[in-house]
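Enquirer: Taken in order, these protein sequences are the chains called A and B. Numbering follows the numbering used here, with no gaps: position 82 of the first sequence is 82. Numbering follows the numbering used here, with no gaps: position 22 of the second sequence is 22.
The hints are simulated quantities; they were obtained by calculation from the structure and are not laboratory data. Do not rely on the hints blindly, as some may be mistaken.
Going by beta-carbon spacing under 7 Å, a handful of chain B positions derived as facing chain A [said to hold, decoys possible]:
id	residue
1	Ala186
2	Glu189
3	Ala190
4	Gln192
5	Leu194
6	Gly195
7	Ser196
8	Ser197
9	Pro208
10	Thr479
11	Ile483
Partial chain B-side listing against chain A, Cβ under 10 Å, derived [what the hints assert, rightly or not]:
id	residue
12	Arg185
13	Met187
14	Ala191
15	Gly198
16	Ile205
Using N, Cα and C, we set each Cβ at its ideal position, and we do this for glycine too.
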Amino acid sequence: MNAPVSLTTPAVSVDIAGVNLSYGTNHVLKDVNLAIEPGEFFAFLGPSGCGKTTLLRLIAGFNQADTGHVRIGGKDITDLPPWKRDVGMVFQSYALWPHMTVRRNVAFGLEERGVKRAEIERRVEAALGLVGLGHLAERRPSQLSGGQQQRVAVARTVAIEPKVLLLDEPLSNLDAKMRVQVRRELRDLQQRLGLTTIFVTHDQEEANSICDRIAVMNDGVVQQVGTPMELYERPANLFVAGFLGTANILKGRVVGSGADRSFEIDGGTRFPIAEGDRIPEGAALVFRPQHASLTDQAGPGDGALSLPCVIANREFLGASIRYGARIGATEVAVDMPFQSGRELFEIGSEARLRLSPRSLHWLSA
Amino acid sequence: MTAISTATPSRARRFAATPGQIALALAIAAFLLMFLVLPVATVIYVAFTEKGTSTFTLVNFYDFFRTELFMRSLWNSFYVSAMSVVWASVFALPLAYLTTRFVFRGAALVQTLGFLPLIMPPFVGAVAMQLFFGRNGSVNLLLDDWFGFKIDFMEGLNGVIFVQSIHYFPFILINLSAALRNIDRAMEEAAQNLGSSGFRLFRRIVFPLAMPGYLAGASLVFVKVFDDLATPLLLNVKDMLAPQAYLRVTSIGIADPMGYVISVVLIVASVAAMWLSARALKGRDYATTQRGGGGLARRVMTPWEAVLGYGVVILILALVLAPHLGLLLLSFATIWSFSPLPDAYTLAHYGRVFGESSVYIKNTLIYASLAGGIDIVLGVAIAYLVLRTKLIGREWLDWMASAALAIPGVVLGIGYLRTFYGVTLPDGTPLASLWITIVLALAIRRLPYALRACYAALQQISVSLEEAAENLGATKSRTVRRIVVPLMAGGILAGFVTSFSTAAVELSATLMLVQSNSDAPLAYGLYVFMQSAAGRGPGAALGVVAVILVAACTFLSHLIIERSQKAKGLGH
Chain A
1 MNAPVSLTTP AVSVDIAGVN LSYGTNHVLK DVNLAIEPGE FFAFLGPSGC GKTTLLRLIA
61 GFNQADTGHV RIGGKDITDL PPWKRDVGMV FQSYALWPHM TVRRNVAFGL EERGVKRAEI
121 ERRVEAALGL VGLGHLAERR PSQLSGGQQQ RVAVARTVAI EPKVLLLDEP LSNLDAKMRV
181 QVRRELRDLQ QRLGLTTIFV THDQEEANSI CDRIAVMNDG VVQQVGTPME LYERPANLFV
241 AGFLGTANIL KGRVVGSGAD RSFEIDGGTR FPIAEGDRIP EGAALVFRPQ HASLTDQAGP
301 GDGALSLPCV IANREFLGAS IRYGARIGAT EVAVDMPFQS GRELFEIGSE ARLRLSPRSL
361 HWLSA
Chain B
1 MTAISTATPS RARRFAATPG QIALALAIAA FLLMFLVLPV ATVIYVAFTE KGTSTFTLVN
61 FYDFFRTELF MRSLWNSFYV SAMSVVWASV FALPLAYLTT RFVFRGAALV QTLGFLPLIM
121 PPFVGAVAMQ LFFGRNGSVN LLLDDWFGFK IDFMEGLNGV IFVQSIHYFP FILINLSAAL
181 RNIDRAMEEA AQNLGSSGFR LFRRIVFPLA MPGYLAGASL VFVKVFDDLA TPLLLNVKDM
241 LAPQAYLRVT SIGIADPMGY VISVVLIVAS VAAMWLSARA LKGRDYATTQ RGGGGLARRV
301 MTPWEAVLGY GVVILILALV LAPHLGLLLL SFATIWSFSP LPDAYTLAHY GRVFGESSVY
361 IKNTLIYASL AGGIDIVLGV AIAYLVLRTK LIGREWLDWM ASAALAIPGV VLGIGYLRTF
421 YGVTLPDGTP LASLWITIVL ALAIRRLPYA LRACYAALQQ ISVSLEEAAE NLGATKSRTV
481 RRIVVPLMAG GILAGFVTSF STAAVELSAT LMLVQSNSDA PLAYGLYVFM QSAAGRGPGA
541 ALGVVAVILV AACTFLSHLI IERSQKAKGL GH
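Okay, chain A solo, but in the shape it has when bound (with noise of 0.2 Å):
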């Protein structure tokens, strides 16, 4: 076995203060604040337009910041030119260079840097050897599948040592399949260096399946920061509810006061409040599809809200069962697992929706 060559640096942190920026009139990036944890993997999740393609290019210094610094380890690095930052990024199109082989891309960056012949061969070797592709170092670029060119601009990147690794919708340019395969594949390899990785997606299961923490944006403002599970169970505010999985969300307003405190939504059905609970001005009322359930009885009263309601649609999703179910003139949706043999809900009957207040959450926009 050869000794195997180490590409790893210690890991490092990624400070974003303050950091706006406009183009022209568009404020593209809106009082940024993030702290990146040595070794982290980190996703800036948001839909097209959200501002997170931005951030990330003006951390590898495509972008220049109105104001705000960046840090990476400590280090103020806003005011560095691209080729000085020592953060290796892998594009979308991964950006392969077609007038050279998959070798002499990789080995790119080294040169840049006058780095030793030897050295050069040893780290191109094992960055290769890290994504599996040795034997292909001779290829152009235009010989390889999508996913190995995706692999050959990951190594390209790690074979310059980087402090830190940015992956822009790296994914994107691969089948379903693939996608999942390489997103572990990443993982794992961030895993081993121990690098810090700032991940750039619009799909949120690809954030939630490989990243430690995420941050959601929205508009060019970072909605919220948290473990992707923290992000589910408790988001910060209606779009974070809405964009990570289905919530239900109801409009209304408050009623009552005191221990009879009680939200009321369209139509009059009325959600207890609980004593304690902090209702934001203009909240609405949300709660996940699988947080609900559908029974064809009173029940026993075990503090579940027990609410009457008319099946008004019905949808197989494999695992699950979601049914629309209507209260008064809002209809919600309410996920029952599917097991075989057991009886559904015919549409236009009647049922009792259940649904424990702990789960019943109020935000706003």
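Fit chain B to the known structure of chain A by using the hints.
Expert: Okay, now just chain B, sitting in the frame of chain A:
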């Protein structure tokens, strides 16, 4: 049931083409064979046979390589073509680089002015250039006045190189600019991300990626200069290959084999240059923008860079526009000799051009319209047959039509003379002396360009649009008439205008074929005028008319393409 359903598809496959399509393909093939393959084959045949007999021989080539004049001409042609590429690159590189890589005010203007030389026949520019840069031209008179020396810009081969490089540098400018613009921004950013910047970044990433565009332009310049007949003739340079071929055939006679041998050498050189560039480009079609991302990032220039940049651009543009300005001045000048500017101005030349010489303009309009018309009919038909049918051997039509690119005009002219002189009409006039042969030669020469335009237009139309028409009951031919042709209209029109405007100033082939002044097109008239000092004024006026004609057409085609793309919602 099963038997029938398996039999039907195989039958359908066997008769994939309708009788109409087959007839169309055969008609096109016959036309191309008659007016392209046969004349060229005749030239080659004559070159390889003993004079007056049909015995195969290499003695003609032996004579060619033994004659000092021909060897010198061969070398001169290579030298002039290569040097023209070098100088055209010197003009094109800064313009392409500055306008695509930097935030450059007036980049659009530079790109537009950069195309201007193409809309003037090079031999027309040659006369104007002589007035500015000749031994006793404006620049040398001033140099002599101020510094006491002269520069031989226009002496001998220098003159040809100078005129050709100014005329043809737009080919490099267009291709190189497009190549630079098509480089995905991420290609450059990835290099920066890995630590590369400045000139190293340019040398290692940007230039190699733009290389295919540069090579495509450079090889085109080489071939065009190698084949050009009129410019050296007008500058009185006779020891180059194309002029030699012309002179042999016109002065010694149509039976002299040397003209044919030279023609074969010209074809070989053309094909070789194209083959070499195609080989160099093989596998390097780096269309790197396909996955989104804009072109290269544009940098803001520092003040010193700006001064240098604008200085260089203005100098080059001044040089490029010199022939146009000179021509314009000349067309209004009474006498312009041994002085930096004309002595006095007059409108008489224009009067003469529109009076007695208006026949040239009329002929040109007729010939170029007919040639353009033939080209788009053939272009649409070939494009349709190749892209939309499964006809066996349909690619051959494309190859045959495109092969015209490699045939120098003078060769085609000689081929027509030789082939069709023996063919006589009932009243005894040879076919080659009819003006229609000029039209046919022009049509064949411009067909490759019109064909590309038609291809592009047809490729943009989704097949499902045609399938929808057939699904609703339209036959193949009605689908073509009601769906395909209307949707291609913009591209077809653009193809027509390109053919028309380039045919209007073509001279290489027509110089051979014009038999009488009354049948002559504008380019020929220009050439005749420019031969004598007294004819220069009216010649220049005719040149201005030609330039305006071509410029208007070019602008029109631009407008048409843009509008039809907008109408189809293609944008960009």
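Enquirer: Evaluate each hint against the coordinates.
Expert: The hints, checked one at a time:
no.: 1; hint: Ala186; verdict: holds (4 Å)
no.: 2; hint: Glu189; verdict: holds (6 Å)
no.: 3; hint: Ala190; verdict: holds (4 Å)
no.: 4; hint: Gln192; verdict: holds (4 Å)
no.: 5; hint: Leu194; verdict: holds (3 Å)
no.: 6; hint: Gly195; verdict: holds (4 Å)
no.: 7; hint: Ser196; verdict: holds (5 Å)
no.: 8; hint: Ser197; verdict: holds (4 Å)
no.: 9; hint: Pro208; verdict: holds (4 Å)
no.: 10; hint: Thr479; verdict: violated (35 Å)
no.: 11; hint: Ile483; verdict: violated (34 Å)
no.: 12; hint: Arg185; verdict: holds (9 Å)
no.: 13; hint: Met187; verdict: holds (5 Å)
no.: 14; hint: Ala191; verdict: holds (7 Å)
no.: 15; hint: Gly198; verdict: holds (9 Å)
no.: 16; hint: Ile205; verdict: holds (6 Å)
Consistency with the previously given hints fails for numbers 10, 11, ordered from lowest to highest.
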